[in-house]
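Chain order of the listed sequences is Z and A.
Quick note on our numbering: the first sequence kicks off at 9 and runs consecutively.
Quick note on our numbering: the second sequence kicks off at 23 and runs consecutively.
In case anyone wonders, no lab produced these hints; they're calculated from the structure.
Hints are not guaranteed to be accurate.
Pulled a few chain Z residues facing chain A out of the computed Cβ check, cut under 10 Å [claimed, not checked]:
{"#": "1", "residue": "GLY17"}
{"#": "2", "residue": "ASN30"}
{"#": "3", "residue": "ARG49"}
{"#": "4", "residue": "GLU53"}
{"#": "5", "residue": "ASN63"}
{"#": "6", "residue": "PHE83"}
{"#": "7", "residue": "SER100"}
{"#": "8", "residue": "LYS113"}
Think about it this way: if two alpha-carbon atoms lie no more than 27 Å apart in a straight line, the pair counts; the simulated DSS-like pairs of lysine-lysine are [as the list claims (entries may be wrong)]:
{"#": "9", "chain 1": "Z", "residue 1": "LYS75", "chain 2": "Z", "residue 2": "LYS64"}
{"#": "10", "chain 1": "Z", "residue 1": "LYS50", "chain 2": "A", "residue 2": "LYS31"}
{"#": "11", "chain 1": "A", "residue 1": "LYS31", "chain 2": "Z", "residue 2": "LYS10"}
{"#": "12", "chain 1": "Z", "residue 1": "LYS50", "chain 2": "A", "residue 2": "LYS79"}
Built from N, CA and C at the ideal position, the CB exists for glycine as well.
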Amino acid sequence: QKEVEQDPGPLSVPEGAIVSLNCTYSNSAFQYFMWYRQYSRKGPELLMYTYSSGNKEDGRFTAQVDKSSKYISLFIRDSQPSDSATYLCAMSARRGSNYKLTFGKGTLLTVNP
Amino acid sequence: NAGVTQTPKFQVLKTGQSMTLQCAQDMNHNSMYWYRQDPGMGLRLIYYSASEGTTDKGEVPNGYNVSRLNKREFSLRLESAAPSQTSVYFCASSAPGPSSLDSYSPLHFGNGTRLTVT
Numbered sequence: 009q010k011e012v013e014q015d016p017g018p019l020s021v022p023e024g025a026i027v028s029l030n031c032t033y034s035n036s037a038f039q040y041f042m043w044y045r046q047y048s049r050k051g052p053e054l055l056m057y058t059y060s061s062g063n064k065e066d067g068r069f070t071a072q073v074d075k076s077s078k079y080i081s082l083f084i085r086d087s088q089p090s091d092s093a094t095y096l097c098a099m100s101a102r103r104g105s106n107y108k109l110t111f112g113k114g115t116l117l118t119v120n121p
Numbered sequence: 023n024a025g026v027t028q029t030p031k032f033q034v035l036k037t038g039q040s041m042t043l044q045c046a047q048d049m050n051h052n053s054m055y056w057y058r059q060d061p062g063m064g065l066r067l068i069y070y071s072a073s074e075g076t077t078d079k080g081e082v083p084n085g086y087n088v089s090r091l092n093k094r095e096f097s098l099r100l101e102s103a104a105p106s107q108t109s110v111y112f113c114a115s116s117a118p119g120p121s122s123l124d125s126y127s128p129l130h131f132g133n134g135t136r137l138t139v140t
């Protein structure tokens, strides 16, 4: 079993839809959970991060972590065409250890006008 | 503010040729990284440099060498390119980890070098 599994998509939704992106993981030591967004032909950029369990909200985006189920989610409300990108989950067991970051393979999202 | 700058943007090599990918950051970050991104494989760490003067292997270091030239610059060298090294290469940097337990110091990525080895 890979350490991090991410639904590959691709996912295509109409503008205004609620989008749910998910990752599962097997390493119970993971404490830091990140979502990176990558536009076509660009490098990834951090969208949100969560420490340990719980929810975190930032505008239309909500990151959710369920450590008991080893499952993380990113919800996008009122999705816009500008949200069309690849979304990568990433996880780490140690603070400040980006060299120990494990990425999911990414989910390609298209939001249609 | 340029952030992380990678050169070249595109490159085509023949098998056996060598080349160096350049990366520079202007954010005064201590740590720098080289990743490759392949379809269906996600991002994989090739090498990293936690601070100026140090380099360490990541997940897929074979066939590559790196040089941390100074705090700003971190280069990746392919000595004898192979078709399996066809990929998109990303350089990234990050600041030292913040002091609070629940904080995170993110990776800042360049826009990549698209390398094809024929």
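Taking the hints in turn, this is what the structure says about them:
{"no.": "1", "hint": "GLY17", "verdict": "violated (12 Å)"}
{"no.": "2", "hint": "ASN30", "verdict": "violated (15 Å)"}
{"no.": "3", "hint": "ARG49", "verdict": "holds (7 Å)"}
{"no.": "4", "hint": "GLU53", "verdict": "holds (7 Å)"}
{"no.": "5", "hint": "ASN63", "verdict": "violated (14 Å)"}
{"no.": "6", "hint": "PHE83", "verdict": "violated (20 Å)"}
{"no.": "7", "hint": "SER100", "verdict": "holds (8 Å)"}
{"no.": "8", "hint": "LYS113", "verdict": "holds (4 Å)"}
{"no.": "9", "hint": "LYS75(Z) / LYS64(Z)", "verdict": "holds (14 Å)"}
{"no.": "10", "hint": "LYS50(Z) / LYS31(A)", "verdict": "holds (11 Å)"}
{"no.": "11", "hint": "LYS31(A) / LYS10(Z)", "verdict": "violated (31 Å)"}
{"no.": "12", "hint": "LYS50(Z) / LYS79(A)", "verdict": "holds (25 Å)"}
The structure fails to meet hints 1, 2, 5, 6, 11 from the earlier list, while all remaining hints are met.
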